[in-house]
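Dock chain to chain to rebuild the complex, using the hints, since each chain is given by itself in its own frame.
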Amino acid sequence: MIEFINVSKIYPDGHQAVKDISFTVKEGEIFVLIGPSGCGKTTTLKIINRLIEPTSGRILIQEMDINNYNPIVLRRNIGYVIQEIGLFPHLTVGENIGLVPHLKKWTKTDKKKRISDLLKMIGLEPDIFINKYPMQLSGGQKQRIGVARALAADPQIVLMDEPFGALDPITKEQLQDEFLKLQRKLQKTVVFVTHDIMEAIKLGDRLAIMRNGTTVQIDSPVNIINNSADDFVRRFLGEHRFQTDGNTIRMEKTITK
Amino acid sequence: MINFFNFFKDRLSEIALLTLEHIELTAMAVGLAIIIGVPLGILLTRYKKLSAMVLGIASIIQTIPSLALLGFMVPLFGIGTKPAIVALFLYALLPIVRNTFTGVEGVEPTLIEAGIGMGMTNFQLLYMVELPLALPVIMAGIRTSTVINVGITTLCALIGAGGLGQLIFRGISMVNANMILAGAVPAALLALFLDFLLGQMEKLLSQKN
Chain A
0 MIEFINVSKI
10 YPDGHQAVKD
20 ISFTVKEGEI
30 FVLIGPSGCG
40 KTTTLKIINR
50 LIEPTSGRIL
60 IQEMDINNYN
70 PIVLRRNIGY
80 VIQEIGLFPH
90 LTVGENIGLV
100 PHLKKWTKTD
110 KKKRISDLLK
120 MIGLEPDIFI
130 NKYPMQLSGG
140 QKQRIGVARA
150 LAADPQIVLM
160 DEPFGALDPI
170 TKEQLQDEFL
180 KLQRKLQKTV
190 VFVTHDIMEA
200 IKLGDRLAIM
210 RNGTTVQIDS
220 PVNIINNSAD
230 DFVRRFLGEH
240 RFQTDGNTIR
250 MEKTITK
Chain B
76 MINFFNFFKD
86 RLSEIALLTL
96 EHIELTAMAV
106 GLAIIIGVPL
116 GILLTRYKKL
126 SAMVLGIASI
136 IQTIPSLALL
146 GFMVPLFGIG
156 TKPAIVALFL
166 YALLPIVRNT
176 FTGVEGVEPT
186 LIEAGIGMGM
196 TNFQLLYMVE
206 LPLALPVIMA
216 GIRTSTVINV
226 GITTLCALIG
236 AGGLGQLIFR
246 GISMVNANMI
256 LAGAVPAALL
266 ALFLDFLLGQ
276 MEKLLSQKN
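In order, the protein sequences belong to chains A and B.
Position 141, counted from 1, in the first sequence is what our numbering calls 140; the numbers after and before it change by one each time, with no gaps.
Add 75 to the 1-based position in the second sequence for our numbering, that's all there is to it.
Be a bit skeptical, because a hint or two may be false.
Claimed, not checked - For each label pair, taking beta carbons as the anchor points, the in silico distance ranges come out as:
(1) A:N130 with B:P184: 21 to 29 Å
(2) A:Q135 with B:I154: 55 to 63 Å
(3) A:P70 with B:Q275: 55 to 63 Å
(4) B:N197 with A:L59: 50 to 58 Å
Unchecked claim - Derived DSS-like pairs (lysine-lysine); straight-line CA-CA distance at most 30 Å:
(5) A:K141 with A:K119
(6) A:K131 with A:K119
(7) A:K180 with A:K25
(8) B:K278 with A:K131
(9) A:K119 with A:K201
(10) B:K278 with A:K141
Everything labelled a hint here was simulated from the structure, so no lab data went into it.
The beta carbon of each residue, even a glycine, is placed where N, CA and C say it ideally should be.
One chain only, chain B, in its complex shape (with noise of 0.2 Å):
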């Protein structure tokens, strides 16, 4: 224990950047999946016959083994950063665009009809009354797409990506216990932060509600 907590305090510096590399990566595809995920969740509102194959194909990709999934990107991006963000990405996209799409869609039907009979364009409609109301469940998407990218992103230092995984895999490779769990604890206990900062987050939003 004492061993661990010293060799903590010697690549402190190296943990927090890898730290800060790894929250990088999964804020990069977080973010990007909700740029893309959230006007693809409501535009499949908006064509319903669409969102049966979207939202299949969403799942599909969801289904990929995550390391297989990482395998295909080596190909096709080579090694490094990017080849991480589109897989992660690629995962962060099916919780927000379903989400969205059922968020948006559970909106109450005469609150609808209310705001359409008062006057609302679609615009304002989507805006002032179909999307505040929806925020609570794509806020719970968004959570579930950051707590399975903190643990993806770990499985990205295989191709080169970087963050705590590094330290993980460089550990096991040295059976080195203490270098595995300067990797495993910080990840771990970014998941538990982040999840439970976005639930506060989600909790916030529904209460208004």
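Chain A extracted, bound-state conformation (with noise of 0.2 Å):
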């Protein structure tokens, strides 16, 4: 679906912050980019949608080179909810969940049905909030809405950069259940940026390590638990202590502070 071939991407300060790295990441599939700050998991992730023009290196998408998209056309078919939300705080909820229909020009009653339908996917009263502006809402009701304003032109491929990060312990355990359960039906296509290890083996089918610009290893959480690639790996997940049992994963928090 999304095939990185020896990506790089060197900053015009000569700050390189992707090194040659090549994955694929498979239809329908969570894809976890995972790593300490600055290890280029967000660079990655906005070379997706041409926020960032890699250096050198190729990035296909269904088997089509994205240069060969239009970077607009591109955009308002991959769904994008960014760190600290992003949500417009001039326009209301319906607003902001319909703004990419908009753009690709829908008809008023395709948008209305649409907006009404995913705030009750996400279990939020289409009526109380259609026309709330973001600061009327808690944090964990504008993290639901940046996700249902990703998916409201249904596209195939979600790009999610931290999006839980802000969230208080309790919401975002919330939030990630929700998310898991919303894409047991979606089936869509996420590439998933963060850095908390309990999010990554929670929420990823797959998890690619990152430092230094470069992946370190790239597997499924259960192998990358029995099978880490090197010390890395082993002192990234080692605040925690993780136990597989077949394919499941258990993990005891070691308390050491």
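Here it is, written out as structure tokens:
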């Protein structure tokens, strides 16, 4: 579905954010990019919807080079949930969710129906929420709407950049569960950036662990825990003790602080 | 005091006419400054190298004493409304250009990125995200320009443009306090009223954000 072939990104100041990475994201999976801050995970994500142009290498989406797509059209067909949510404060909840359908010139009735369906899907009563402004909402509600907005035009691919990063632990867990439930139904191809290993293991079908712009290991959570590629990966998993049992993972938080 | 009210009543139609003239001059100049200044401010956010130069020139104009600027206009445009409007326009320009520039520049980068990432064109980004979010700041610039202009318009009577300044200057030369006040009081009230009105609009716009 999404294929990175020897992709590098060097910024004009000489900083090499991404170094010769290659991987393939399969259709319908949640692919998590994870690593410490500055490892290049967000840069990698933004290369997919051409917010950042790579210095070298090729990226294919459905076997076509992304440079062959018009960037505007490409972006309208890829859902995007960003850090700090990025809801527009001057637009209502309905207008925020309906933004991409609006850009794609859907009819008013189609837009309205879609907005109302999406609000129901994320568990918010349309009549109550459609005309509210973002500042009238809680963090969890805003984040749900951020996800709904990304799904509005029913894109096959969804990019998520630390979408649950700013939430309190209880809300975070709740939203992760909802997101997994949703994904089971929708089967989107999701590229998900996080620095939280717990979140990565919980949500990811496959993880790409990144360090200094390269991928250290790409595998399923179970395999990464059982066969860590190197000390860096072990240390990264380290704060938590994971136990695998067939395909299920149990976790015990070690209290070392 | 009673004297003043009687004077005011007797000259009501003249005062009203001059007030209208005053408003007209200010509105023309500010209107022109909005039409030119807002697009110019937007342009500067796209070509940031130009911004220091353009804002520099605008603030030099702003620094020229208003009476001197009006003086410069006379050899260029003669006397009457035309030189007055040009001078007032030049004064109104800086606050509007500068506030448009800072307002658009001040829009949160995450929101810009969200817009681009969702597939907005440059133009859509401008009118759907940047301008609405910058509007309170732009409005503040328009308010500043308007209040400055109401003040400077009183001086425009000196180059034959009319307005409430006419009563003030005539009053000074005739040593007639009532006539001075008949021009000064409405001019002051006009400035205060417009400041209040535009301030309320500004507040309304920023509440939404």
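Here is how each hint holds up against the structure:
Distance hint for N130 (chain A) and P184 (chain B): a CB-CB separation of about 28 Å, consistent with the stated range 21 to 29 Å. About 56 Å separates the C-beta atoms of Q135 (chain A) and I154 (chain B), a value consistent with the hinted range of 55 to 63 Å. As the Cβ distance of P70 (chain A) to Q275 (chain B) is approximately 42 Å, the hint placing it in 55 to 63 Å is violated. Here the CB-CB span from N197 (chain B) to L59 (chain A) is close to 27 Å, at odds with the stated 50 to 58 Å.
Restraint check: the Cα-Cα separation between K141 (chain A) and K119 (chain A) comes to about 14 Å, which is no more than 30 Å; the hinted pair holds. A distance of roughly 15 Å separates the Cα atoms of K131 (chain A) and K119 (chain A); the hinted pair therefore holds under the 30 Å criterion. A distance of roughly 19 Å separates the Cα atoms of K180 (chain A) and K25 (chain A); the hinted pair therefore holds under the 30 Å criterion. The hinted pair formed by K278 (chain B) and K131 (chain A) meets the criterion: a straight-line CA distance of about 19 Å does not exceed 30 Å.
For a cut-off of 30 Å, the pair hint linking K119 (chain A) to K201 (chain A) stands: about 25 Å separates their Cα positions. Straight-line distance between C-alpha atoms of K278 (chain B) and K141 (chain A) comes to about 25 Å, which keeps the hinted pair within the 30 Å bound.
Against the hints set out earlier in the document, violations occur for numbers 3 and 4.
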